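Q: Here's the letter readout for the chains.
Number of protein chains: 2
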Amino acid sequence: MKVIGVIGGGQLARMMIGPAVELGLELRVLAETPDSSARDRATAIGDYRDVETVLEFARGVDIVTFDHEHVPQDVLDALVATGVAVHPGPAALAVAQDKLLMREQLDALGLPLPVWAKAESVDDVTAFLAANGGVAVAKTPRGGYDGKGVAIITDPSDVSAWLAAGPILLEEKVDFVRELAQLVARRPSGDVAAWPVVETTQANGVCSEVVLPAPSIDRLHVVAAEIGRTVAEGLGVTGVLAVELFETTDERILINELAMRPHNSGHVTIEGSVTSQFEQHLRAVADLPLGSTASTAPWAVMINVFGAMDVDRYARLGPYTDVKIHNYGKEPRAGRKVGHVTATGADAADVAYRARAVAEIFHVDI
Amino acid sequence: MKVIGVIGGGQLARMMIGPAVELGLELRVLAETPDSSARDRATAIGDYRDVETVLEFARGVDIVTFDHEHVPQDVLDALVATGVAVHPGPAALAVAQDKLLMREQLDALGLPLPVWAKAESVDDVTAFLAANGGVAVAKTPRGGYDGKGVAIITDPSDVSAWLAAGPILLEEKVDFVRELAQLVARRPSGDVAAWPVVETTQANGVCSEVVLPAPSIDRLHVVAAEIGRTVAEGLGVTGVLAVELFETTDERILINELAMRPHNSGHVTIEGSVTSQFEQHLRAVADLPLGSTASTAPWAVMINVFGAMDVDRYARLGPYTDVKIHNYGKEPRAGRKVGHVTATGADAADVAYRARAVAEIFHVDI
Chain R
1136 MKVIGVIGGG QLARMMIGPA VELGLELRVL AETPDSSARD RATAIGDYRD
1186 VETVLEFARG VDIVTFDHEH VPQDVLDALV ATGVAVHPGP AALAVAQDKL
1236 LMREQLDALG LPLPVWAKAE SVDDVTAFLA ANGGVAVAKT PRGGYDGKGV
1286 AIITDPSDVS AWLAAGPILL EEKVDFVREL AQLVARRPSG DVAAWPVVET
1336 TQANGVCSEV VLPAPSIDRL HVVAAEIGRT VAEGLGVTGV LAVELFETTD
1386 ERILINELAM RPHNSGHVTI EGSVTSQFEQ HLRAVADLPL GSTASTAPWA
1436 VMINVFGAMD VDRYARLGPY TDVKIHNYGK EPRAGRKVGH VTATGADAAD
1486 VAYRARAVAE IFHVDI
Chain U
1136 MKVIGVIGGG QLARMMIGPA VELGLELRVL AETPDSSARD RATAIGDYRD
1186 VETVLEFARG VDIVTFDHEH VPQDVLDALV ATGVAVHPGP AALAVAQDKL
1236 LMREQLDALG LPLPVWAKAE SVDDVTAFLA ANGGVAVAKT PRGGYDGKGV
1286 AIITDPSDVS AWLAAGPILL EEKVDFVREL AQLVARRPSG DVAAWPVVET
1336 TQANGVCSEV VLPAPSIDRL HVVAAEIGRT VAEGLGVTGV LAVELFETTD
1386 ERILINELAM RPHNSGHVTI EGSVTSQFEQ HLRAVADLPL GSTASTAPWA
1436 VMINVFGAMD VDRYARLGPY TDVKIHNYGK EPRAGRKVGH VTATGADAAD
1486 VAYRARAVAE IFHVDI
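Chains R and U, in that order, are what the protein sequence lines are. Residues in the first sequence are numbered consecutively from 1136, following this note's numbering. Residues in the second sequence are numbered consecutively from 1136, following this note's numbering.
Just so you know, not all the hints are guaranteed correct.
[Unchecked claim] Here are the simulated SDA-like cross-link-like pairs (lysine to any residue), alpha carbons at most 20 Å apart as the crow flies:
{"#": "1", "chain 1": "R", "residue 1": "1465", "chain 2": "U", "residue 2": "1161"}
{"#": "2", "chain 1": "U", "residue 1": "1308", "chain 2": "U", "residue 2": "1267"}
{"#": "3", "chain 1": "R", "residue 1": "1465", "chain 2": "U", "residue 2": "1163"}
{"#": "4", "chain 1": "R", "residue 1": "1253", "chain 2": "R", "residue 2": "1298"}
{"#": "5", "chain 1": "R", "residue 1": "1465", "chain 2": "R", "residue 2": "1498"}
{"#": "6", "chain 1": "R", "residue 1": "1283", "chain 2": "R", "residue 2": "1343"}
{"#": "7", "chain 1": "U", "residue 1": "1283", "chain 2": "U", "residue 2": "1266"}
{"#": "8", "chain 1": "U", "residue 1": "1253", "chain 2": "U", "residue 2": "1288"}
{"#": "9", "chain 1": "R", "residue 1": "1253", "chain 2": "R", "residue 2": "1264"}
{"#": "10", "chain 1": "R", "residue 1": "1465", "chain 2": "U", "residue 2": "1138"}
{"#": "11", "chain 1": "U", "residue 1": "1465", "chain 2": "U", "residue 2": "1487"}
{"#": "12", "chain 1": "U", "residue 1": "1253", "chain 2": "U", "residue 2": "1266"}
{"#": "13", "chain 1": "U", "residue 1": "1465", "chain 2": "R", "residue 2": "1136"}
{"#": "14", "chain 1": "R", "residue 1": "1308", "chain 2": "R", "residue 2": "1266"}
{"#": "15", "chain 1": "R", "residue 1": "1465", "chain 2": "U", "residue 2": "1465"}
Please keep in mind that the hints were generated in silico from the structure rather than gathered at the bench. The model shown is predicted, which means the values in this text are computed figures rather than measured ones.
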């Protein structure tokens, strides 16, 4: 039996547990704390930035993969040196870890991006603002997620603290109609499988709702899948890749961000697709044949649950027997992603209504 | 978080792991051996017939349930005495544990059974054979499964060894067109949910193939569901109940056997139904609202894999990307149930073909 070691014990690792059981793969998790979401499969608790901790965890593991992209390059290099398979590999993860490097490489692949620049000084920021209507999106190259490390700016003073720490990324503030996400999976031996592109809705910079498929003409799905495939092949990504996209008011598709792991926008595939992103990630990193990405229903809608997901409230689910619940086993905390719900069906409005109704049952203001 | 303790570490307990993770229920397993199928969640290894072992396992558990019906009544009574919820309870399990008691109780509920009798002597057997065309199905009241403890007899000498050990069950040899199984789930607070009745095919007394729904007129589904509901309510079963049925050549539906737990005939619900039997069993024993039993596709076909389910053979699954694999993580052994595969779709013949093709990929003669 192949042993897959996941670095990071969040809900992404947790949602790999079920598929690993069914595929007959042994899953082991290096968790941050004893109460991490994926604690059920934790075989080690420790700091993923520490080489010794990670190498000790990886002993006896066939394939190392990740719950997040934050493992430092020196740790990744040490892992590769032991001979264990690492998916995605260090070169791909380097691109996910540095938003400036990401833009350089995506540009080199000829992929569509918002106007961007590397800014190292107040003058750089001033020049970019002047060239882009006086407004820009500033991002720290490293460490940002879920709206952190991102700011909309109109003056260099808005980013003086960030600039003092090093270069930053500036991007045009895109006028978008909506946001999309293209998920693909790629095996080390080369096969790529793409799910239909999904529509995502953000609240306060965090994904709140996902619709599979994105309501659209077929051409959008072809274009988005081609972008996903090009990124996966061009950057040598193995496992699941999520490409966050903007659909602009002038009908362009631009790449926003990348994630080289299962992604919030792909939770909807658990019920909405023949093969979920979690099963597919395991198949991909283990270099097994990829599963079908066909949809199981005309529509699937996923809604995140923030704050608390109390099992006691399940008693109120009676009327919504067909909405599926995913509880991440986390302690309640304001704004924390603690679970999600998914509905499927033939009527898009009804599916969204049912998913939202169940998410509301769990809604708690903390 | 509610803690559910499963006695028995076979594939039924194993397939509860994924749903428990997603529902946010903590699953603990009392496994027979360290390499039991559900070893990932084993918190104890030991003999389920030993009161001390079981009570120690159940400490800190909210609800005890089962991978099989073989836990002795004195152990069950001791569990109940500690105050832990036990589902199904001892009274229901007593009926599942004794085929003679089962017939008595099903008769008392007015349910349709093959002609049966309790035989305690050679004369009893002779009389039953004479009254039933010279042939009968003999069963030991306790301990039989998967074709063991069952014999077709034409002479009292065929069962002399069994008779020496105590009373046996004799049943008419039913002329059946096919076998069916009705799965239902019942909460302690009373709600019952029934899946569509399935058609099952046996090979050498062991379930080999299941079709959801059983191809049939609607009336069969109504009758079978009513039988399932009556058994669950009449015997006070909590959790999943499987009622194995015969459809006879003269168009009667007769009860063959009962199982008070998830059942091989229900594996098809993992992909074929909105709520799988494993998720539903957890919901039911935890007294949570039951999930929808609606089908996700017009047809679903499950095929058991016997002998060995080698991960290396996954490489040959390429053409069958939409057939789902369930590997029980068991050591290979001739005739052993080691996994199953399920296909779904709109064309019954195509669905069966794809499921059989993938099962064949795993076929190994040991």
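Q: Hint by hint, say whether it matches the structure.
A: Each hint, compared with the structure:
1. R:1465 - U:1161: holds (12 Å)
2. U:1308 - U:1267: The given pair, whose Cα atoms are some 8 Å apart, holds under the 20 Å limit.
3. R:1465 - U:1163: holds (18 Å)
4. R:1253 - R:1298: With Cα atoms ~11 Å apart, residue 1253 of chain R and residue 1298 of chain R stay inside 20 Å; holds.
5. R:1465 - R:1498: This hinted pair holds, its Cα atoms lying about 15 Å apart.
6. R:1283 - R:1343: holds (16 Å)
7. U:1283 - U:1266: Violated, at about 25 Å.
8. U:1253 - U:1288: holds (15 Å)
9. R:1253 - R:1264: holds (13 Å)
10. R:1465 - U:1138: Cα-Cα ~15 Å, so holds.
11. U:1465 - U:1487: Answer violated: residue 1465 of chain U to residue 1487 of chain U is near 25 Å, above 20 Å.
12. U:1253 - U:1266: holds (14 Å)
13. U:1465 - R:1136: holds (10 Å)
14. R:1308 - R:1266: It holds: about 12 Å lies between the C-alpha atoms, which stays within 20 Å.
15. R:1465 - U:1465: violated (32 Å)
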